[in-house]
Structures are given as C-alpha cells and as structure tokens.
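Undergrad: Please work from the sequences and hints to get the whole structure.
If you use the working numbering, the sequence shown corresponds to residues 1 to 307, in order.
Simulated from the structure, these hints should not be mistaken for laboratory data.
Please note that a few of the clues may not be correct.
[As the list claims (entries may be wrong)] Computed cross-link-like contacts, SDA-like style, restricted to lysine to any residue with a CA-CA straight-line distance of at most 20 Å:
#1 K251 to P274
#2 K219 to A241
#3 K138 to V119
#4 K259 to Y245
#5 K220 to Y245
#6 K138 to N154
#7 K7 to G140
#8 K251 to A210
#9 K220 to R234
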Amino acid sequence: MNQKQSKSTIILDYVWMTIGCAIFCVAWEAFLISNHIASGGLAGICTVINFCTGIPVSWSYILLNVVLLGIGFLILGKGFGFKTIYCIALTTVLFDISPKTPFIQHLAENPLLGNDDKVLYPIIGGLLEAVGISFIFKRGGSTGGTDVIALILNKFWPVSPGKVYMSLDLFIIASVLLAPGMGIKDMVYGYIAMLSFTLFLDFLLLGSKATVQVLVFSKKYKEIADEMTGNLRRGVTALNAVGWYSQQESKVLLIMVRKTQLTMITRAIKEIDPGAFVSVSSASAVYGQGFDEMRTGLDRKKKQQEQ
Numbered sequence: 001m002n003q004k005q006s007k008s009t010i011i012l013d014y015v016w017m018t019i020g021c022a023i024f025c026v027a028w029e030a031f032l033i034s035n036h037i038a039s040g041g042l043a044g045i046c047t048v049i050n051f052c053t054g055i056p057v058s059w060s061y062i063l064l065n066v067v068l069l070g071i072g073f074l075i076l077g078k079g080f081g082f083k084t085i086y087c088i089a090l091t092t093v094l095f096d097i098s099p100k101t102p103f104i105q106h107l108a109e110n111p112l113l114g115n116d117d118k119v120l121y122p123i124i125g126g127l128l129e130a131v132g133i134s135f136i137f138k139r140g141g142s143t144g145g146t147d148v149i150a151l152i153l154n155k156f157w158p159v160s161p162g163k164v165y166m167s168l169d170l171f172i173i174a175s176v177l178l179a180p181g182m183g184i185k186d187m188v189y190g191y192i193a194m195l196s197f198t199l200f201l202d203f204l205l206l207g208s209k210a211t212v213q214v215l216v217f218s219k220k221y222k223e224i225a226d227e228m229t230g231n232l233r234r235g236v237t238a239l240n241a242v243g244w245y246s247q248q249e250s251k252v253l254l255i256m257v258r259k260t261q262l263t264m265i266t267r268a269i270k271e272i273d274p275g276a277f278v279s280v281s282s283a284s285a286v287y288g289q290g291f292d293e294m295r296t297g298l299d300r301k302k303k304q305q306e307q
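TA: Rendered as structure tokens:
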C-alpha cells in the first residue's frame, strides 16, 4: 500500500467512525433515553446513573471510559487506543449537544410511532445502535466501555461480540430497578433493546463470515470436484459411500464454503448435474486455512512464558 492509499484509508476510517458515533448517539438520545429506557453497555450504566442522580450521561461516560482506555492501549495496541480516544471524545460531545438539537428533539417525540407503541422504541433504538457500533468496529475503533471487553475476548477466543454484550448487559439492565419510579416493565424494555442490538450486531459483523457445509451426492462427482478445486478454488473432500438400496459404491463430496458463496457453488453443481442431490447445513464454526483462526489464548500464554 503506497502512502497515498494509506492516508485515504485512514481518512475513510475516521469518516465511517464519525458516522457510526452519530448513529449511536441518535439511537440512545432519540429512542432510548428520551423514552426512559436503559439498555446495556457503558452507555446503559451512564443512563441508569442519570435516572438515579440526574448527572448528565456525557459526564459519567467520559469519566468511566478513562479507566478502560489503559486496557485498550495495553492489549489491543496503540492504533486501537487512539481510535478509541477519538470515538469516546466524539461520542461524549454528541451526548452533550445532541439532546439540545432540534433534530434529536423531533425524533425523540416519535410522531410516526405514536404513544401506544413504546415497544417499538427499544427495537428501533437497538437496531440503530448496532448499525453505529458495526461501523466503528469494522474500522478498528470502539466507543469504549464494554466494547473494549468484547474486542479483547474476540481477539483471543472465538466468542461473538454480541454474546459478550448480552452476558454483561443482563446485569446492567437489571440495575435500572434501582432508579426511582422504574419497575419491571422498564427493565423488560431494556432487555428488548439489548436483544435487538446483539442479534443485529452479530448479523452485521459475522454475517459475511457465516459458513455452511455442503454435501453433494452425484454420479458426476469427479467433474464436480474438479470444477470446485479448479475454477472455484474451493477445497473438496471425497468420502466413500454406499447406496444402501442399490448397494453401489460412490463418492460423497464434502465442501465448506462461506454462505455468500453458496449460490455460486450450487449453480456450478446444477450446470454439471441437474439431478444432483445437495444437502446444505450451517456450521457454527470452521477453523483452518481459508476460514477462521482458532483462538484459545494458548499462543498468548506461550509467548508470555517465553518472555
């Protein structure tokens, strides 16, 4: 990558992170906080503090994030830390000024949703929050708080960011019961926002990495295998099989592909053998060359022992 490309990439990173921070704050200010809903994450903690004490979200947000910045620098590197500082600073400013802007005030009134559909607020808020966070994550940034914990765990262990958020948020959202005038119903709204956020975040971040296992039963297995390995550049394993009714020996092809490549694979199979029997099943995780790296934390421990 030449210097010009490097600068343009960096600029693009910060443009997308800025957009992500803006969407993140719109989700909280317009759909969650304004409707007395506290979802998860550090923003959720700050919202509960706001409900209990009246302290502005922006104040507690910046103070609590300072502690976690050191962790980001230490484990995730200086590049991550600087981008995190930028996102935290920008988000803090947006949390401070956005409630005063006519745009957010208009959205907070939710004229299109009406007053009888409060369940839509946490759903829409969670979806928008996931979009904003995905923009930030994909560019190597973070809004701090539990984002740091999620990225640290995802770096060394094969755990999805959404599951990390869900585990931490179960406790954070329940703390809304400590706020005056808040009850079980308010806590449930928070959990709805949490589920909306975590499920959509995993879809946005991991959807392109979803892997499927394809089993191909065909008399033209050799031609199909050659097409997969030759033109489509996919690995194929030929398994010995016996048709129990016919008692004829044959081969079953096992192919692991990304979900986004499935249409291309099935189209090629159909062109070679329209009568081929194809079974497709989802694979929760696939490790190895061409797929994901197996992360268990052992390599990190080994390096620490060697040092």
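Undergrad: Against this structure, judge whether each hint is valid.
TA: Against the structure, the hints:
Distance hint between K251 and P274 is fulfilled; the C-alpha atoms sit about 17 Å from each other, no more than 20 Å. Under the criterion of a C-alpha separation no larger than 20 Å, the hint pairing K219 with A241 is consistent with the structure, at around 12 Å. Simply put, K138 and V119 have alpha-carbon atoms about 29 Å apart, too far for the 20 Å limit, and the pair is violated. Under the criterion of a C-alpha separation no larger than 20 Å, the hint pairing K259 with Y245 is inconsistent with the structure, at around 32 Å.
Between the alpha carbons of K220 and Y245 the distance comes to roughly 19 Å, so the proposed pair stays at or under 20 Å and holds. With a CA separation close to 13 Å, the supplied pair K138 and N154 stays within the 20 Å bound. With a C-alpha separation of about 15 Å, the suggested pair K7 and G140 falls inside the 20 Å cut-off, and the hint holds. In summary, the hint linking K251 to A210 is not supported, as the alpha carbons are separated by about 26 Å, beyond the 20 Å threshold.
With a C-alpha separation of about 17 Å, the suggested pairing of K220 with R234 holds against the 20 Å cut-off.
Comparing the model with each numbered hint stated earlier shows that hints 3, 4 and 8 do not hold.
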